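Q: These protein sequence lines are chains W and U, in that order.
Throughout the first sequence, residue numbering follows our numbering, covering 1 to 230 in sequence.
Throughout the second sequence, residue numbering follows our numbering, covering 1 to 493 in sequence.
Because the hints were derived from the structure by calculation, they are not lab data.
A portion of the hints provided could be inaccurate.
Below, a sample of chain U positions facing chain W; criterion: calculated Cβ distance under 7 Å [said to hold, decoys possible]:
1. 68
2. 72
3. 79
4. 80
5. 83
6. 182
7. 192
8. 214
9. 224
10. 282
11. 358
12. 432
13. 441
Owing to the predicted nature of the structure, the values given are computational and were not obtained by experimental measurement.
All residues carry an ideal CB built from backbone N, CA and C; glycine is no exception.
What follows is each chain in one-letter form.
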Amino acid sequence: MNRSLHLFAGIIGSFALSCYALVLLPQQQLGGLQPQIAEDEGKIVDIYPVKNVSHEEGRAIYQSEGCFYCHSQQVRDEQNGTDLARGWGVRRTVARDYIFEKTPVLGSMRIGPDLANVGSPKWRNENEGEYATYKPKKRDASWHLLHLYAPRTVIKSSNMPPYRYLFETKKISGQRSVDALDLTGPDAPEPGYEVVPKPEATKLVAYLLSLDKSHPLKEVKGSAPEVAAK
Amino acid sequence: MTAAALAPTPTTAPAPAAPSAVQVQAAERAAIDASASGPVLFFFGSAILWLLLATVLGFISSVQLHSPGFLADCPIFTYGRILPAYNNALAYGWATLSGMGVAIWLLARLCRVQIKIPAVLVTGAIFWQAGLTLGIGQILAGKTTGVEGLEIPGSAAVLMLVGYMLVGLWGALLFGYRRQAPAYISVWYVVAALFWFPWTFGLAHLSIQLPGVTGVVQSLVAAWATQNFLHVFITAIGLATAYYLIPKVINRPVHSYHLASTGFWAFILFSGLTGAVRLSGGPLPVWLVTLSIAATILLIVQIATVSANLLLTMDGQYHMVYHSPTIRFTVFGVLSFTIASVVGVLASLRSFDRLLHFTFFQSAQTHLLLYAFFSMVMFGAIYYILPRLVGCEWLSSTMIRWHFLAVAYGAGTLIVSLAVGGIASGAALADPGMIFSQVIEDGVRYHIGATLGWVMLALGHVIFAFHFLLMLFRIGQPGGEPTLFAPIGEEKH
Chain W
1 MNRSLHLFAG
11 IIGSFALSCY
21 ALVLLPQQQL
31 GGLQPQIAED
41 EGKIVDIYPV
51 KNVSHEEGRA
61 IYQSEGCFYC
71 HSQQVRDEQN
81 GTDLARGWGV
91 RRTVARDYIF
101 EKTPVLGSMR
111 IGPDLANVGS
121 PKWRNENEGE
131 YATYKPKKRD
141 ASWHLLHLYA
151 PRTVIKSSNM
161 PPYRYLFETK
171 KISGQRSVDA
181 LDLTGPDAPE
191 PGYEVVPKPE
201 ATKLVAYLLS
211 LDKSHPLKEV
221 KGSAPEVAAK
Chain U
1 MTAAALAPTP
11 TTAPAPAAPS
21 AVQVQAAERA
31 AIDASASGPV
41 LFFFGSAILW
51 LLLATVLGFI
61 SSVQLHSPGF
71 LADCPIFTYG
81 RILPAYNNAL
91 AYGWATLSGM
101 GVAIWLLARL
111 CRVQIKIPAV
121 LVTGAIFWQA
131 GLTLGIGQIL
141 AGKTTGVEGL
151 EIPGSAAVLM
161 LVGYMLVGLW
171 GALLFGYRRQ
181 APAYISVWYV
191 VAALFWFPWT
201 FGLAHLSIQL
211 PGVTGVVQSL
221 VAAWATQNFL
231 HVFITAIGLA
241 TAYYLIPKVI
251 NRPVHSYHLA
261 STGFWAFILF
271 SGLTGAVRLS
281 GGPLPVWLVT
291 LSIAATILLI
301 VQIATVSANL
311 LLTMDGQYHM
321 VYHSPTIRFT
331 VFGVLSFTIA
341 SVVGVLASLR
351 SFDRLLHFTF
361 FQSAQTHLLL
371 YAFFSMVMFG
381 AIYYILPRLV
391 GCEWLSSTMI
401 RWHFLAVAYG
411 AGTLIVSLAV
421 GGIASGAALA
431 DPGMIFSQVI
441 EDGVRYHIGA
451 TLGWVMLALG
461 HVIFAFHFLL
471 MLFRIGQPGG
481 EPTLFAPIGE
491 EKH
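Just need the whole structure built from these sequences, with the hints factored in.
A: What follows is the structure, encoded as structure tokens:
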């Protein structure tokens with residue numbers, strides 16, 4: 001009997017330790033994280049991150065289509081990889097970046113590039129400087145829509161599946177829609193037809209364009225002297 | 001390959017006890033098996049159906065990695081839904097159900113208790129699978145929680161947990177009413193597994209509902225739950241089974257009780273602290289990842305003691321892998337456990353992790369543990385247990401041989417492809433001058449290898465499922481002598 005008491009004590013105790021160290025303690029340390037606020041003479045001049053609910057629907061599509069099984073949303077520092085040198089961010093991401101995300105999509109795999117800052121105009125996935133081979137295109141909404149519909153028209157070696165079901169092919173009645181995709185070659189619809197994004201695609205792209213975790217934070221060294229000085 | 005000992009080895013027990021005592025023990029075992037037969041067969045049968053589903057899903061997801069357009073126009077088959085459906089079908093369908101079936105049978109046998117009201121276990125398995133079916137359906141319909149590793153929505157997870165609790169409770173009762181003291185090593189591991197799982201699963205799913213858990217803590221909870229599932233629950237049941245099967249089939253006691261004890265305590269203490277390695281390099285406080293790396297390194301104590309103990313028990317009896325299907329599968333599994341664990345320790349180190357994180361190397365590690373270790377041990381266990389439940393022996397040693405060849409080479413091809421592909425892309429990405437999309441394009445060839453592995457696995461699983469079906473209809477060899485690859489004492493290449 002004594003021996004099975006030891007067994008139970010060990011099993012319960014080890015679970016309690018695991019739960020305490022990896023769940024309760026981190027929650028205690030990180031659960032209360034607040035946005036970074038910069039004040040100037042008592043007035044709030046800067047606040048980050050900002051709670052933004054307008055992209056929740058797009059984010060839900062990002063999750064339901066499982067984008068995060070191929071795209072991470074976390075930038076590592078120079079000691080832990082080449083994320084920064086690749087242009088996926090200007091600083092590493094930290095816990096404070098995610099405080100307003102109930103279920104953050106950090107991702108564990110990179111079959112595609114990291115998207116933590118894909119909405120930032122500085123984001124790139126091509127080489128520049130000494131390695132540059134071609135000039136990166138501007139990634140705006142129409143670029144993203146085209147890329148979702150037919151990835152290989154934009155990046156010829158892309159390994160991303162096409163998301164045609166987020167679009168519909170319609171007969172052009174009167175004038176061509178403003179948001180119709182500029183498709184050429186085999187992907188182009190029949191004459192008289194056009195491919196337009198469904199609301200899901202538009203929301204998903206709006207969410208992607210909202211992704212930007214490059215705001216300077218005081219806990220990230222070298223990210224922003226002007227804020228860090230506060 | 002022909003190094004097996006020629007000496008005829010007696011495998012039947014020398015029977016030190018009086019014949020009447022032996023007969024009494026045999027009758028008791030038969031009664032226990034009869035009481036366990038219904039639920040355990042139900043667990044195994046459903047587990048194999050889930051394995052077949054997982055095979056289809058795994059194959060599709062593998063093809064999509066080299067042909068991204070494959071089935072892409074149908075939302076339910078998009079890679080981002082197929083992959084989590086595959087992971088859940090394999091982990092919570094095949095692995096958990098087969099593991100629970102083996103665990104319940106081991107507890108009944110080792111505690112020497114007959115199972116009362118076996119319908120409770122069957123009900124538990126039905127609830128579990130109803131929840132899992134609903135959950136996977138929701139994943140395919142795009143209604144996931146969006147948390148990697150905990151994709152199954154809350155309502156389905158509750159059904160699963162209710163089902164689990166029925167099984168877990170019956171397991172606890174078997175232990176409570178045990179007539180065999182002290183408890184054997186396998187019982188320690190099974191009891192630990194049965195206790196850890198519901199708490200981890202329940203707390204992790206609860207955290208998704210709690211508004212106070214947000215941000216990276218939520219990701220950490222998911223990583224913790226995934227790690228506990230694989231490295232505590234699954235590993236514990238796999239080791240419990242190996243600790244039972246190896247001594248039983250070769251008919252000698254475990255090499256060392258002290259090694260077993262040390263290994264168990266190291267396992268239970270350190271395994272649960274390793275979860276944060278899944279987020280190594282990520283946006284977490286550094287101490288968390290450091291703690292998990294340290295715990296992973298300390299697990300060397302368990303890896304060394306368990307591997308040494310099981311392999312030393314086999315010492316001098318390795319020729320049994322030529323004869324006994326159970327031993328062939330189980331020894332393959334134990335060797336995979338050792339490799340998976342050593343690779344796990346190395347890969348957790350920061351200098352390796354920075355290269356291999358976010359690559360298919362991690363997928364290779366998961367398959368090494370969940371398939372090459374756990375699933376192979378489960379196959380071995382089912383080959384051992386089933387004849388005792390249905391009263392006849394497996395029909396064809398050729399089918400078992402083909403099953404082994406297909407899944408051993410299939411798993412090997414899959415895991416090596418993923419691992420080499422992961423190392424290649426990780427090494428390439430370490431150079432910032434390498435264009436990302438180029439590295440991904442170069443990696444496509446390894447997924448063709450992985451798909452080839454899946455074809456072999458599928459072949460093996462179909463053979464196994466067919467053989468299992470024959471056993472359910474009592475189509476097999478007459479009971480008594482196990483179906484061996486070759487009679488013991490005869491040389492077989």
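Q: Now look at each hint and say whether the structure bears it out.
A: A quick look at each hint next to the structure:
The restraint placing residue 68 of chain U at the interface with chain W holds, with a minimum CB-CB distance near 4 Å, inside the 7 Å limit. A least Cβ separation of about 4 Å between residue 72 of chain U and chain W falls short of the 7 Å threshold, and the interface hint therefore holds. Evaluation of the residue 79 of chain U hint against chain W yields a held restraint, the C-beta minimum of about 5 Å falling below 7 Å. Taking 7 Å as the C-beta cut-off, the interface hint given for residue 80 of chain U holds, the closest approach to chain W being about 2 Å.
At its closest, the beta carbon of residue 83 of chain U sits 5 Å from a beta carbon of chain W; the interface hint therefore holds under the 7 Å criterion. At a threshold of 7 Å, the smallest CB-CB gap from residue 182 of chain U to chain W is about 5 Å, leaving the interface hint in force. Contact between residue 192 of chain U and chain W, as hinted, is supported at the beta carbon level, the nearest pair being about 5 Å apart and thus within 7 Å. Hint status for residue 214 of chain U relative to chain W: holds, with the closest Cβ pair at about 5 Å, below 7 Å.
About 5 Å separates the beta-carbon of residue 224 of chain U from the nearest beta-carbon of chain W, less than 7 Å, and the hint is met. Because the smallest distance between the Cβ of residue 282 of chain U and any Cβ of chain W comes to about 5 Å, under 7 Å, the interface hint for this residue holds. Residue-level restraint check for residue 358 of chain U holds (minimum Cβ-Cβ distance to chain W is 4 Å; threshold 7 Å). Because the smallest distance between the Cβ of residue 432 of chain U and any Cβ of chain W comes to about 4 Å, under 7 Å, the interface hint for this residue holds.
Annotation: interface hint on residue 441 of chain U holds; nearest CB of chain W at approximately 4 Å, less than 7 Å.
Taken one by one, the earlier hints all hold for this structure without exception.
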